[in-house]
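Asker: For the record, the sequence lines run as chains A and B. According to numbering that gives the first Met the number 0, numbering within the first sequence proceeds without interruption in unit steps and concludes at 366. According to numbering that gives the first Met the number 0, numbering within the second sequence proceeds without interruption in unit steps and concludes at 257.
A couple of the hints might just be wrong.
Stated by the list, open to error - Now the in silico label distances, taken between C-beta atoms and shown as ranges:
#1 B:Gly168 - A:Gly322: 31 to 39 Å
#2 B:Glu111 - A:Ile199: 40 to 48 Å
#3 B:Asp65 - A:Arg329: 36 to 44 Å
#4 B:Gly184 - A:Glu118: 31 to 39 Å
#5 A:Gln68 - B:Gly15: 29 to 37 Å
#6 B:Gly184 - A:Gly148: 30 to 38 Å
#7 A:Pro326 - B:Gly241: 33 to 41 Å
#8 A:Ser305 - B:Ser177: 31 to 39 Å
#9 A:Ala249 - B:Glu223: 38 to 46 Å
#10 B:Val95 - A:Ala251: 53 to 61 Å
#11 A:Arg103 - B:Val95: 47 to 55 Å
#12 B:Ser177 - A:Asp9: 35 to 43 Å
The set of hints was computed from the structure by calculation and includes no laboratory data. Here a beta-carbon is modelled for each residue, glycine too, at the ideal position from N, C-alpha and C.
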Amino acid sequence: MSTRELAMRDLEWEACLIEPRPDRALERRIRRESGFVGSTVAYFGSPEWVASAVARFNHDLRHRVKMSQRLANLVGLAVSQDNSCRYCYAVHRAMMRGVGYPNRDIARLEQLLHTGDLEPKERAALDFTRRLSRSNPLVGPSDLRALRGAGFDPSAVAELVSHVGLFVFFNRLSTLLALPPQRVEMLAHHPLAVLAQPVIGPWMRRLIGSAEPMTLREEQKRGPFAAVVLAFDGLPMAISLQAAMRDAFASAVVPARTKALMFAIVARALGCTHSEQEALRLAAAEGVAEEEASFVVAHLSSPSLSPLEALVFPFARDTVRYGQPAPIQRRTREVADALTREELVEVVAVISLANLVCRMGAVIGGC
Amino acid sequence: MGLVLAVAAAVACLGGAFWWHARKEVLRLRGRLELASRELQNLQLAFSRFAPDEVIERVIAEGLSDRGEKKEATVLFADLVGFTELAERVEPTVLVRILNGYFERMSDAIAEHRGHVSTFVGDGILAFFGVHAPNPWQVDDAVRAALAMRASLADYNRTLAAEGLPELGVGIGLHRGSGVAGLVGSADLKQFAFVGPTVNLAARVQDLTRTLGTGILLTESLRERLDPRVVLKPLPATPVKGVAEPLVLYAVEETSAP
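All chains should be built: construct the whole structure from the sequences, respecting the hints.
Answerer: Put into structure tokens, the structure is as follows:
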């Protein structure tokens with residue numbers, strides 16, 4: 000086992016906050032739409048939009064337009080490691096093992112990440128990846144210039160940003176709910192899994208491939224955070240993002256005003272004024288007075304908040320930059336104790352989306 | 000033919016020996032790299048007790064650079080009231096135990112509100128909010144941390160009283176402004192610090208808690224950004240050493256905000 004893998008396994012990780020609830024009808028639909036049903040679908044079946052978003056985003060991670068498989072793997076490992084997401088790291092590693100990477104090749108990639116002994120273009124991509132993932136401070140024009148200087152054209156930059164963003168999303172979704180990594184971690188080294196590799200390898204390799212550029216249809220160019228979605232037009236991920244945002248705001252589990260204000264708080268924490276303004280516009284459309292919204296974003300509370308809002312607004316802020324997983328998982332549990340399962344899943348998914356969208360928003364400027 | 004076979008066998012043997020040796024060397028180097036990597040991780044973990052992760056990562060990436068960054072931060076200065084009397088009344092071992100208990104509780108209150116304790120100066124505490132990562136809520140955080148410190152000290156005093164030990168008091172001064180963050184110190188001793196007039200002024204505000212007889216004092220720079228539900232008592236403008244105009248200060252009373 001590699002040092003990095005051991006270090007990830009050493010991370011304190013709380014017990015999972017929710018039990019899986021398999022839904023065969025939903026699984027069939029997702030298999031039909033994206034060709035693959037990940038084990039996480041059982042956790043996110045209700046509200047259904049979360050499972051759909053997870054499946055679409057998962058598909059986008061596995062199908063890229065330009066990005067090489069090696070860079071995609073480096074980015075996946077780097078972001079998951081940076082966010083201390085033991086679950087995502089284990090899943091990514093298991094996926095690499097599944098498609099046929101020997102353990103020593105994965106260990107070599109991990110070592111390269113640690114030592115930084117990479118080609119200049121890869122190093123530039125990984126520097127940018129970490130800057131975007133950490134957003135401390137938010138990426139700016141100079142970061143983009145460095146990336147272009149290293150040989151990334153605008154469409155390659157967009158794909159890299161979306162790839163990092165997707166890991167930012169999955170890391171939060173998995174870490175906040177403390178999805179159990181133990182079985183996946185064991186799988187990568189289990190003798191049966193090693194023996195079965197020649198059989199499952201070709202099947203798993205079929206799940207990974209290249210994607211054709213896809214353009215948003217007219218009706219997909221509208222909706223929450225349309226400017227961010229439009230900036231990534233051409234990537235299949237823009238279509239998935241538009242659908243996820245549309246469905247998230249249409250869901251009735253948590254009020255739309257609460258979601259808009261959660262987005263505004265995440266944007267404020269990141270320092271992305273462009274995203275904050277868009278979130279405040281969405282809040283205003285839901286009837287939140289400008290003065291009230293400003294107060295909430297400035298102080299994370301207000302006497303007029305619902306009990307759910309009073310609970311989740313300070314929590315939203317804590318999800319932007321956290322160190323070790325266990326403290327943020329304990330914090331999520333405090334919030335979870337006062338919510339229904341559906342509310343918890345929706346709150347965590349919206350917060351994860353906000354972290355993704357507001358980081359992507361930073362790249363399109365105006366922050 | 001025999002000669003050719005013998006040469007081929009010798010070449011194969013040599014090649015095999017070379018391959019075996021090279022493989023052994025690669026494995027040895029890989030093992031050393033793994034070990035070094037593990038040691039580095041352990042070192043990082045050990046250092047995380049002395050400085051925040053961001054600082055350690057920066058030191059690893061850049062070494063002990065002279066790079067400074069301009070930041071807007073909130074500074075909290077806390078000083079133990081009655082420490083001199085306490086030091087005269089109790090045994091040195093008891094004094095250290097009391098002090099450590101105090102520092103532990105105060106540090107927890109600060110960390111719970113996303114502050115970072117920069118240093119303990121004698122019986123004083125210097126903490127920053129918004130230095131390591133941008134924090135748009137640093138003012139609310141700092142004032143809530145001060146209130147939590149007050150509440151935590153009241154709790155600690157009950158423990159001390161039960162042991163027949165004297166009660167402690169704390170004076171806290173808060174100020175917000177710009178400064179420079181970076182690694183400062185001598186070649187032998189460096190620490191990550193936030194330096195500038197903001198820090199000096201926070202220290203002077205803390206000094207005034209004694210003369211004005213109040214526990215938590217803050218400046219106008221905080222009041223204008225503070226959650227209005229925190230109850231403040233305005234104090235008469237007070238002259239402060241090193242500041243041209245008398246300073247408008249507020250005593251923090253309580254909060255109705257969560």
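Asker: So, for every hint listed, does it hold in this structure?
Answerer: Each hint tested on the structure:
no.: 1; hint: B:Gly168 - A:Gly322: 31 to 39 Å; verdict: holds (33 Å)
no.: 2; hint: B:Glu111 - A:Ile199: 40 to 48 Å; verdict: holds (47 Å)
no.: 3; hint: B:Asp65 - A:Arg329: 36 to 44 Å; verdict: holds (39 Å)
no.: 4; hint: B:Gly184 - A:Glu118: 31 to 39 Å; verdict: holds (37 Å)
no.: 5; hint: A:Gln68 - B:Gly15: 29 to 37 Å; verdict: holds (34 Å)
no.: 6; hint: B:Gly184 - A:Gly148: 30 to 38 Å; verdict: holds (35 Å)
no.: 7; hint: A:Pro326 - B:Gly241: 33 to 41 Å; verdict: holds (40 Å)
no.: 8; hint: A:Ser305 - B:Ser177: 31 to 39 Å; verdict: holds (38 Å)
no.: 9; hint: A:Ala249 - B:Glu223: 38 to 46 Å; verdict: holds (39 Å)
no.: 10; hint: B:Val95 - A:Ala251: 53 to 61 Å; verdict: holds (59 Å)
no.: 11; hint: A:Arg103 - B:Val95: 47 to 55 Å; verdict: holds (52 Å)
no.: 12; hint: B:Ser177 - A:Asp9: 35 to 43 Å; verdict: holds (39 Å)
Violation of the numbered hints given earlier is absent; every hint is satisfied by the structure.
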